[in-house]
Amino acid sequence: MRAANLAVQCAGVSMRNPVMPASGCFGWGREYSRYYPLRTLGSVVAKAVTKEARPGNDTPRIAETPGGMLNAIGLANPGLERVLADELPWLAGQDVPVWVNVAGSDEEEYCMVAAAIDASGMADVLELNVSCPNVKRGGLAFGTEPSILKGLVTAVRRVTDLPLFVKLTPNVTDAGVLAEAAVAAGADGLTVMNTLRGMAIDLDRRCPVLANGQGGLSGPAVKPVALAMVYQLARTVDVPIIGCGGIQSGTDAVEFIMAGADAVQVGTANFTDPYAMPRIIAEMQTWMERSGAASIAEIKGAVH
Amino acid sequence: MELKVLSKNEVATGVWEMTLGGDFSYETVQPGQFIHVQVGDGITHVLRRPISIADVSVSAGNLTILFRIVGRGTRWLSQARIGDSLSVMGPLGRGFPMTQAKTALLVGGGIGIPPLYLLARRLAEQGKAVTTLLGWASAEDRFWLPAFERLGHVEISTEDGSLGMRGTAVDALAVLENLPDTIYACGPRPMLAALKRWALRHGKRGWFSMEERMACGVGACGGCVCRTEGGMETVCSDGPVFALDEVML
Chain A
506 MRAANLAVQC AGVSMRNPVM PASGCFGWGR EYSRYYPLRT LGSVVAKAVT KEARPGNDTP
566 RIAETPGGML NAIGLANPGL ERVLADELPW LAGQDVPVWV NVAGSDEEEY CMVAAAIDAS
626 GMADVLELNV SCPNVKRGGL AFGTEPSILK GLVTAVRRVT DLPLFVKLTP NVTDAGVLAE
686 AAVAAGADGL TVMNTLRGMA IDLDRRCPVL ANGQGGLSGP AVKPVALAMV YQLARTVDVP
746 IIGCGGIQSG TDAVEFIMAG ADAVQVGTAN FTDPYAMPRI IAEMQTWMER SGAASIAEIK
806 GAVH
Chain B
48 MELKVLSKNE VATGVWEMTL GGDFSYETVQ PGQFIHVQVG DGITHVLRRP ISIADVSVSA
108 GNLTILFRIV GRGTRWLSQA RIGDSLSVMG PLGRGFPMTQ AKTALLVGGG IGIPPLYLLA
168 RRLAEQGKAV TTLLGWASAE DRFWLPAFER LGHVEISTED GSLGMRGTAV DALAVLENLP
228 DTIYACGPRP MLAALKRWAL RHGKRGWFSM EERMACGVGA CGGCVCRTEG GMETVCSDGP
288 VFALDEVML
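Just so you know, the protein sequences line up as chains A and B, in that order.
Counting in my numbering, the first sequence runs from 506 upward without gaps.
Counting in my numbering, the second sequence runs from 48 upward without gaps.
Derived by calculation from the structure, the hints in this document are not laboratory data.
Treat the hints with care, since some could be wrong.
[Claimed, not checked] Computed footprint of chain A on chain B; a stretch qualifies when at least three of its residues, placed anywhere within it, have a C-beta under 8 Å from a C-beta of chain A:
(1) 86 to 98
(2) 262 to 270
[Said to hold, decoys possible] One side of the interface only, derived from the structure: several residues of chain A facing chain B at Cβ under 8 Å:
(3) 529
(4) 537
(5) 538
(6) 626
(7) 773
Note that the Cβ used here is the ideal one computed from N, Cα and C, for glycine as well.
Generate the whole structure from the sequences, applying the supplied hints.
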């Protein structure tokens, strides 16, 4: 068996391995640091940050569905000022690249937050959230219309030199058009994908389980959808793609790499098992060594 | 960590008592804390189930949970066999602070009752006078009643009046002869709301344990929040126990 090297370069960022959490599923990192050192991971992706604090939606915000879950958190976060003061300084000292997810209600807010996080020097990558299905303004509204997405990415691109990833939604007719719009406007990479819009019904109360009505579906149930989207976009654009959707094991992660992803994000699996990501990294290592793959580059896009 | 099922027992229809043993931080368990239990293979059910710790034995190295079957996940758990291993996170959350006062009133409704048992036991061990108001839908739903009766005075109420007084645990407040200093409660939201109004009217302080649909269990995802005077707080990590005057019901 040859030793496999899991290290990857993504838009100029060196990562020890291609595994990182999906935004919103890992808090600010600190919450999971009691389980393992965060430098075990390829990167840490912080939750979405908006200019002002957001309380988020009413509860219930969570519903389990077969093979998955719905969430409607609503971009709850303490706001830019407190994130910069209380959360990012600790995370920036953990010897692991830091990705910060940026959200807003309008272009001005996205730009303001992106510029401030860039200026803080505490982030290595910005990920634009244009795909949250659970807020009334912003979020998904920016990620479904190519001209609006292009305008937003162009505007944010002007205020930051950090690697800029755009997290896309599957809730569109053709994700390819949006991917092209994001890349044309200067995105350095894409995160594929955010959650699928879904609903669960409470029969006794005769109403949706989630207070928000609808939510975002994640977990193993959505993995085939995410794989197909990564596969499609890998043929459409020539920038790094972070695969995200239902990854629970090392072989799930390898499937995404083979579909064309450069790295992967793990969301729901962290809830099932707090040690999910270290386990996925170890399982990738084992799979690669058993199958004679020496590097991620060797298997990337293998199915194309 | 993995804990083994040491014993299981259906204590009322659809309510299971399960004792788990193995490597666990038993000595740090505070009453009101919970464990987060994986159900199934983690694929069909992606979310763990938060279950209060009802009792713990540091010397024997085990803990006991009580849970009601409410869906497929808890049904799966009820079907675990003695000797089976369960993936468990915990102890999680902030439990009930122990009162400095001499008397305590514990109010529990239905499946909110279990965390009050360990609390009652710890309070009784400290020499506090414990009065417990327990409410169930009906007489056949009751569990652990003799265990509570060994620790202090108990008033029972049932919604159908088949045992004790008719009504909820809060209705039993009317029969109290002396008002205790500190209140602890866990149960349905309307019960807690009524108890909060009563407590504020009588100038009593205390602590409520809250329940909410939960995902991560460690304060990372923001799924299980509860509105408090200080804003939204996570039930799993900031709670599940909150000061009764701060939690908004």
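Okay, the hints, checked on the actual structure:
| no. | hint | verdict |
| --- | --- | --- |
| 1 | 86 to 98 | holds (count 7) |
| 2 | 262 to 270 | holds (count 9) |
| 3 | 529 | holds, 7 Å |
| 4 | 537 | holds, 7 Å |
| 5 | 538 | violated, 10 Å |
| 6 | 626 | violated, 24 Å |
| 7 | 773 | holds, 5 Å |
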